[in-house]
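**Student:** This is what each chain is made of:
Protein chains: 2
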Amino acid sequence: MTKKYQIVGIGNAMVDVLTHADDSFLTDNGIEKGIMQLIDMDRAVELYGKVGPATEISGGSAANTIAGAAHLGGRVAYVGKVKDDQLGAIFAHDLRAQGVDYETALAAADAPQETGRCIVLVSPCGERSMNTYLGVTEFLHPSDIIESQMADAEWIYLEGYRFDGPQSHEAFAKANAACKGAGGKVSLTLSDPFCVERHRTAFREMIKSDVDLLFCNRSEMLSMYQTEDFDAALNEAATEVEIVACTDSDQGAHILSGGKRWHAPAIPTDIVDATGAGDLFAGAFLWGLTNGYALETCGNMGCVAASEVISHIGARAEADLTETFRKSGLIS
Amino acid sequence: MTKKYQIVGIGNAMVDVLTHADDSFLTDNGIEKGIMQLIDMDRAVELYGKVGPATEISGGSAANTIAGAAHLGGRVAYVGKVKDDQLGAIFAHDLRAQGVDYETALAAADAPQETGRCIVLVSPCGERSMNTYLGVTEFLHPSDIIESQMADAEWIYLEGYRFDGPQSHEAFAKANAACKGAGGKVSLTLSDPFCVERHRTAFREMIKSDVDLLFCNRSEMLSMYQTEDFDAALNEAATEVEIVACTDSDQGAHILSGGKRWHAPAIPTDIVDATGAGDLFAGAFLWGLTNGYALETCGNMGCVAASEVISHIGARAEADLTETFRKSGLIS
Numbered sequence: 001m002t003k004k005y006q007i008v009g010i011g012n013a014m015v016d017v018l019t020h021a022d023d024s025f026l027t028d029n030g031i032e033k034g035i036m037q038l039i040d041m042d043r044a045v046e047l048y049g050k051v052g053p054a055t056e057i058s059g060g061s062a063a064n065t066i067a068g069a070a071h072l073g074g075r076v077a078y079v080g081k082v083k084d085d086q087l088g089a090i091f092a093h094d095l096r097a098q099g100v101d102y103e104t105a106l107a108a109a110d111a112p113q114e115t116g117r118c119i120v121l122v123s124p125c126g127e128r129s130m131n132t133y134l135g136v137t138e139f140l141h142p143s144d145i146i147e148s149q150m151a152d153a154e155w156i157y158l159e160g161y162r163f164d165g166p167q168s169h170e171a172f173a174k175a176n177a178a179c180k181g182a183g184g185k186v187s188l189t190l191s192d193p194f195c196v197e198r199h200r201t202a203f204r205e206m207i208k209s210d211v212d213l214l215f216c217n218r219s220e221m222l223s224m225y226q227t228e229d230f231d232a233a234l235n236e237a238a239t240e241v242e243i244v245a246c247t248d249s250d251q252g253a254h255i256l257s258g259g260k261r262w263h264a265p266a267i268p269t270d271i272v273d274a275t276g277a278g279d280l281f282a283g284a285f286l287w288g289l290t291n292g293y294a295l296e297t298c299g300n301m302g303c304v305a306a307s308e309v310i311s312h313i314g315a316r317a318e319a320d321l322t323e324t325f326r327k328s329g330l331i332s
Numbered sequence: 001m002t003k004k005y006q007i008v009g010i011g012n013a014m015v016d017v018l019t020h021a022d023d024s025f026l027t028d029n030g031i032e033k034g035i036m037q038l039i040d041m042d043r044a045v046e047l048y049g050k051v052g053p054a055t056e057i058s059g060g061s062a063a064n065t066i067a068g069a070a071h072l073g074g075r076v077a078y079v080g081k082v083k084d085d086q087l088g089a090i091f092a093h094d095l096r097a098q099g100v101d102y103e104t105a106l107a108a109a110d111a112p113q114e115t116g117r118c119i120v121l122v123s124p125c126g127e128r129s130m131n132t133y134l135g136v137t138e139f140l141h142p143s144d145i146i147e148s149q150m151a152d153a154e155w156i157y158l159e160g161y162r163f164d165g166p167q168s169h170e171a172f173a174k175a176n177a178a179c180k181g182a183g184g185k186v187s188l189t190l191s192d193p194f195c196v197e198r199h200r201t202a203f204r205e206m207i208k209s210d211v212d213l214l215f216c217n218r219s220e221m222l223s224m225y226q227t228e229d230f231d232a233a234l235n236e237a238a239t240e241v242e243i244v245a246c247t248d249s250d251q252g253a254h255i256l257s258g259g260k261r262w263h264a265p266a267i268p269t270d271i272v273d274a275t276g277a278g279d280l281f282a283g284a285f286l287w288g289l290t291n292g293y294a295l296e297t298c299g300n301m302g303c304v305a306a307s308e309v310i311s312h313i314g315a316r317a318e319a320d321l322t323e324t325f326r327k328s329g330l331i332s
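Line by line, the protein sequences give chains S and W.
Just so you know, the first sequence maps onto residues 1 to 332 in the working numbering.
Just so you know, the second sequence maps onto residues 1 to 332 in the working numbering.
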């Protein structure tokens, strides 16, 4: 029987505040280049007061992934918390307008926190340094996980970043149990090497017990398995999950499953803003997987989608990816 | 004595909500292509619910103009009303981050209206159809006009759109008197042919009594002087104001002053989003004028700036216009 959803994502709901900044700005303001750092509201206000004019675009890692799969025509839903405020309304609109089912209860208008936002400083080279104020999205409660929705999913997609914050592990456990109990499968993205540092044990336990498909990039993979030997880490991961899909910047992506390994080449492009590359890779990969494409093709789809999203500002697809897949010979 | 400000702009403060839409969407939803239409909150909610994923970028016609002049290094200020809400904070941040003095009192958090926004539907050809919910910006009160600030301006720049709404004419009269009383000059943009229809008499009176520099485009000029003879309209306007600066789409701009006439050619570019072309033309023109450049050069600067802003989404300059002016030989 076909399930209602091909993919249901769970993650930190946020609006990206995108602006350009050079390296001296990063240094002067104590911002680590190329990674995600968590900030509180005071720091968010301080930093926002210093950055240049910005553009607001809905973001959130798993939300970008799910929006990408929806863009391709996938049956998808998203779970993540925003507040009943203007940024929350923007986030919800952009997901629903893309065809995503999104019904997570809003945090009340009088909650002390606001809707989460990520101040994304885009370097001239396209690399992005993310400064995340989680706001209300930190308080996604296990009661926000609707078991029937998880049971209706072929795959759920868990955002590693969402391991930060109270009750997140409990919420994920509830989602996994409901999904797997109904025959669904669990995918996880490690999100960020520092996120792996913070949650290595919890990640490892969940990988061994629940995860069927692991998304990560090279540095997250090395951090996860605490080695400098990339191939060894890939192989170890492949013994723990059914599918490993590991991106590797301009080297494309490595897919491992059932004792086999494939390589999907990166699609050369002018990098304008690297935000969302991994997210769109995962969205396209999962769309391909749940539509019955071979793993190698799914990897190629991921690389094509990632290439599109880094060619412009913002972490949501702009070009018609279905058409791009057709032109690339990935679909007929 | 050098005045504190080269230009102080007064206009409708808003955040643009930019999204793509094809002609059938416009037809199905009763939206006139290529113009600005005023909508109420109910219509704004309805329309927003129907459009696709969007990008939020600070806008507002005069605010775009002033931001453009600030981008070029001008000493500028802006007057326009937003609310103490998230969109208001975005609007204020983006102006200040560009170097604009912006101190208009916020509408209170419990005001029944919200910060103004403009749902901009960008057609595949780049033309934009604007649906404007004025919100609190409609209620800019004469008391929001600080006479000492107007007296500190070499030029004030009045947005024609701001003629909509109660007390706007009174507010402009106060600004003009304070500016001109201190030896400053008044520029006005007609904003939109339908805006001219709504306010022709008031515009005409102000042009004759106060305006030194009139900005408009071809269709606004024809509407203003109720003729189909473009040259006749230009010549009539030139008898009423010191300088006429009239843009003419891909024909560039026509500048008339002191019995002379110049033509500034348009700079060919791929139009992605025409939003802000006239605004940036005026910003660059006024920057040139207040820096002592010849009128013909000011016109060329306007065309170069307009060309930049239509080459990308959003109505604020992204490229370094100073550098572009240098490469174009407009400045040394």
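Don't take each hint at face value.
Put simply, identical chains are the same to the list, so a pair is met inside one copy or across any two.
Stated by the list, open to error - Calculated lysine to aspartate or glutamate pairs in the EDC-like style (CA-CA distance at most 20 Å, straight line):
no.: 1; residue 1: K50; residue 2: E318
no.: 2; residue 1: K174; residue 2: E205
no.: 3; residue 1: K4; residue 2: E236
no.: 4; residue 1: K50; residue 2: D101
no.: 5; residue 1: K4; residue 2: E323
no.: 6; residue 1: K4; residue 2: D22
no.: 7; residue 1: K50; residue 2: E103
no.: 8; residue 1: K208; residue 2: E240
no.: 9; residue 1: K260; residue 2: E236
no.: 10; residue 1: K4; residue 2: D40
no.: 11; residue 1: K4; residue 2: D152
If you are wondering where the hints come from, they were derived from the structure by calculation, not from laboratory data.
**Student:** Hints broken by the structure, by number, lowest first?
**Tutor:** Violated hints (numbers, rising): 3, 5, 6 and 10; every other hint is consistent with the structure.
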